[in-house]
Structures are given as C-alpha cells and as structure tokens.
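Q: For chain A, the structure is supplied; the task is to place chain B on it using the hints.
As you go down the protein sequences, you meet chains A and B in turn. Note that the first sequence covers residues 1 to 162 in the UniProt record's numbering. Note that the second sequence covers residues 1 to 162 in the UniProt record's numbering.
Please keep in mind that the hints were generated in silico from the structure rather than gathered at the bench. Among the hints, erroneous ones may be present.
The list makes no distinction among identical chains, and a pair is therefore deemed to hold if it is satisfied within one copy or across any two copies.
To be verified - Derived lysine-lysine pairs resembling DSBU-like cross-links, with alpha carbons at most 35 angstroms apart:
hint, residue 1, residue 2
1, K149, K107
2, K92, K131
3, K92, K66
4, K107, K66
5, K149, K131
6, K149, K92
7, K92, K107
Here the structure is a predicted model, which means the values were calculated and not measured.
Number of protein chains: 2
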Amino acid sequence: MQIRTATEADWPAIWPFFRRIVEAGETYTYPRDMAEPAARRTWMLPPPGRTVVAVDDDGTVLGSAKMNPNHMGGASHIAGASFMVDPDRSGKGVGRALGAHVLEWAKGEGYRAMQFNAVVETNTGAVALWKSLGFEIVATLEEGFQHPKHGYVGLHIMYQRF
Amino acid sequence: MQIRTATEADWPAIWPFFRRIVEAGETYTYPRDMAEPAARRTWMLPPPGRTVVAVDDDGTVLGSAKMNPNHMGGASHIAGASFMVDPDRSGKGVGRALGAHVLEWAKGEGYRAMQFNAVVETNTGAVALWKSLGFEIVATLEEGFQHPKHGYVGLHIMYQRF
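In isolation and in its complexed conformation, chain A is listed as follows:
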C-alpha cells in the first residue's frame, strides 16, 4: 500500500465509495444525497489543505483522506482531517495508514494539534482507531447525531496535541 497526493484523475475512483458511505448516513455529517460536484469540492482540497489516496500495488484506490486547517486566525495551528475507506477494502489497515500519514503531515506542516469535529459514537471502529493513534474524546455532544438505525446518538469531538 502506498499513500500519495490525490489528483483530479483519482476522483472517479473515490466517488463510488464516498457516495456509498455518505448515502448510508451512519458516519458522516454530510447530506446523504450530496451531489457529485459538491462532494468533489468538499473532498478534493487545494492548498493549504491536501487530499491523499491509499493505493494498492496494482494502483487500486483503497481509501482517501483530506486534511486541512480546522480553524482560522488564532486557532489556525489546529488541523482537521476526514477519512474514507472503501467498504469493500476494509480490514486491511488502510484507515490506520491514512491516520498515521495525516498526523505526520500535520506535524510536518507545523500544526500543533489535530481536532476531529464529529465522530459518531456508534462508529466504534473509528473511535478505537483514533484513540490508538493518540486522540482523546474531549467531548461528546449528547444526541448530536441522528443515526438512521439507532436514532439520536452522541457525536464525539476528538483532539490530540503534538
């Protein structure tokens, strides 16, 4: 597996699993019917943001991450990031590899911390992964997320200083 900067040519490989994950409505605070152009603008970030893909040896896109300043001005030293792994390619360590990559990027860019704004508490795999990569749950917004199967569940804010 290799992680490299995504180009516009990667978007057609990202969009199918982006759409599948967002339509499911279980993990992302994006509109479930998000149209393709809005999805592309949301995910494919120009500098100072960055978008990467994790690719297999044969070039297959396994997942993607975007990273960006989470705040402006006096809080612009806090980075943010989002992750999507193709559900058909899960369980291969793609999320962990992307998470580690994004943390290295943020440290290299001079950020002092990373904040995840909205981690759905029923997304326990992600919560455990981010904890293992050094993040703490600093708050849970009670009933912050309407889950299509579980109703209102908590929305974690996770944070890590470098």
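A: Below, chain B alone, put in the same frame as chain A:
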C-alpha cells in the same frame, strides 16, 4: 433596544466594530487582517442562516449576531451562532439580548441544540454569559488559541440541548 434581521444596509455600521474586534485577535478565530469583502460574506448570512442587529431607540447599531446550522446531514439539528457587540456599547446587556434572541430563533426553527465551536477561555465575560443562558463547557481544547497577550490558551466548546 430592538433586535431585527440585518440587511445589507446595516453592514457599514457593523464593519467598524467587526474589524476592531477581529483585529484585536483576542476573541475570534478569524484572520486578524480579514478583508472587508470576506468579513461581509462571513457575517451576512443568507437562509438557512440569519444575521440580526441590536439597535438602540435612535437606530444606532449596538451589536450583531449570526446564526446558522453548525453541521450538515445527521447533525444538522445542531445550530451555531456568533456574536459581536460594539466595544463602545458594551455593558448594556446587548450580548445577553442577542444570545436570548438566537436561542429563541433556533428553537423556533426546530433545532434541538446549539454548539459554540470556539470560545476563548480568557473571554471570561462571554463564558459567564453563555453559562447563564444555559450553555455548558463540554470541552476545552488545550492551547487551542494563540492569544496576542496571553500566548496559548484554551478554546472552549460550549453546548446546550433544548
């Protein structure tokens, strides 16, 4: 004091204290050198957001607030808001009146909660005001804000369910 929806005609009265507050860099996570067009786009929100002004009996703009969905999709029932009171008009209850107005608006629009993403911990007047209006500090991002006088200080996330 009256609170009413802001129009483009109000912007020239808002911009001087917006600029003064943002240039000071002590309370807002906006770039301190934010240019006027970016400031106007940031503050004067179209629906589903809304911007209001608090005006004195003679029509003088004392302060302003903007309110909006804080998240999309499954978390779109959480509202957000931002407040600015003209420093030359502080101490008259303008912030409290705007806060109460914004909470009423959010409840009336069907939101189920309100989240403030970034309240600088040294802005103790604001912290106390939001607490008195029912908000809790659900997290403090340690060293989340670089204050021009105090260095790195905490950034509170405040939350209230309705």
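Q: Starting from the hint list further up, note which numbers the structure goes against and sort them upward.
A: Per hint list: zero violations.
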